[in-house]
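Student: Take the given structure of chain A and dock chain B to it, following the hints.
Chains A and B supply the protein sequences, listed in that same order.
If you read the first sequence in our numbering, its first letter stands for residue 1, the second for the next number, and so on.
If you read the second sequence in our numbering, its first letter stands for residue 1, the second for the next number, and so on.
Think of the hints as simulated: they come from the structure by calculation, not from any bench.
Possibly wrong hints are sitting among the right ones.
[Unchecked claim] To give an idea of the chain B side of the interface with chain A (calculated C-beta under 7 Å), a few residues:
(1) 24
(2) 39
(3) 94
(4) 107
[Stated by the list, open to error] Label-pair distances were calculated between CB atoms; the ranges are:
(5) A:81 - B:20: 36 to 42 Å
(6) B:84 - A:9: 20 to 26 Å
(7) A:84 - B:65: 19 to 25 Å
(8) A:8 - B:38: 17 to 23 Å
(9) A:29 - B:54: 41 to 47 Å
(10) B:117 - A:39: 39 to 45 Å
(11) B:117 - A:9: 41 to 47 Å
(12) A:39 - B:40: 25 to 31 Å
(13) A:84 - B:12: 41 to 47 Å
(14) B:54 - A:109: 23 to 29 Å
(15) A:109 - B:2: 28 to 34 Å
Cβ atoms here follow ideal geometry from the backbone N, Cα and C, with glycine treated the same way.
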Amino acid sequence: EDKVVQSPLSLVVHEGDTVTLNCSYEVTNFRSLLWYKQEKKAPTFLFMLTSSGIEKKSGRLSSILDKKELFSILNITATQTGDSAVYLCACGLTGGGNKLTFGTGTQLKVEL
Amino acid sequence: NAGVTQTPKFRVLKTGQSMTLLCAQDMNHEYMYWYRQDPGMGLRLIHYSVGEGTTAKGEVPDGYNVSRLKKQNFLLGLESAAPSQTSVYFCASSYWPFGLAESSYNEQFFGPGTRLTVL
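Bound conformation, chain A alone:
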């Protein structure tokens, strides 16, 4: 059975802190790893990673994938209250349907 596990389940930080969110996976038809941000409604796409060791960056957010150890991390530097959200990790699968298997998410709250 495919598994995507995120940690921590939730955390509270203060503005300006740096946070690291973790995602480990065991899936049989792995193609890619995706990160989404979910603020109240629809998840919005952040990153897709397909190669080990290549960091992707967007502003204060960055992510990297380790396909040997089967995990990814999402870093957020200089956090702001607008970063408060649930961060979802998903594995993109090969085979028909272009499907995703999601983790349960990490709830991040950034306080002043």
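Tutor: Chain B in isolation, oriented as in the chain A frame:
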């Protein structure tokens, strides 16, 4: 472009009632998906479609039916609602992957969700 839209936004049903959730996308995507999201469970795939006229079961298909009569629409039906189907339902769509860059594979675009309560 509206992207992915869902109707209704909220609905309350009594046990045994039926209803249909509508998903529409204007991005000409081949693939469409229905998920449910429950506290502590993440997003779980109910059914999906790889093109007009096709449907397939996902991880949690029991109690739901789907139809894809038009490429832009994907309908999710509950024939006899149960309290266990209380959830937030998300629709998503994605590109046909073949011939596209590696970076386009697997990204899905989500609708705003439908909050369903079954009493």
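Student: Confirm or reject each hint.
Tutor: We went through each hint and held it up to the structure:
1. 24: This interface hint is violated because 14 Å lies over the 7 Å limit.
2. 39: Check failed: Cβ of residue 39 of chain B comes no nearer than 9 Å to chain A, outside 7 Å.
3. 94: holds, 5 Å
4. 107: Holds. Min distance 6 Å.
5. A:81 - B:20: 36 to 42 Å: With Cβ atoms ~39 Å apart, the hint holds.
6. B:84 - A:9: 20 to 26 Å: Since residue 84 of chain B and residue 9 of chain A have Cβ atoms about 23 Å apart, the given range 20 to 26 Å holds.
7. A:84 - B:65: 19 to 25 Å: About 37 Å separates the Cβ atoms of residue 84 of chain A and residue 65 of chain B, which means 19 to 25 Å is violated.
8. A:8 - B:38: 17 to 23 Å: Hint holds: Cβ distance 19 Å, inside 17 to 23 Å.
9. A:29 - B:54: 41 to 47 Å: violated, 20 Å
10. B:117 - A:39: 39 to 45 Å: Cβ of residue 117 of chain B to Cβ of residue 39 of chain A: about 22 Å, so the range 39 to 45 Å is violated.
11. B:117 - A:9: 41 to 47 Å: violated, 25 Å
12. A:39 - B:40: 25 to 31 Å: violated, 18 Å
13. A:84 - B:12: 41 to 47 Å: violated, 29 Å
14. B:54 - A:109: 23 to 29 Å: This hint is violated: roughly 41 Å between Cβ atoms.
15. A:109 - B:2: 28 to 34 Å: The hint (28 to 34 Å, Cβ to Cβ) holds, given that residue 109 of chain A and residue 2 of chain B are roughly 31 Å apart.
Checked against the numbered hints given earlier, this structure breaks hints 1, 2, 7, 9, 10, 11, 12, 13 and 14; the rest are met.
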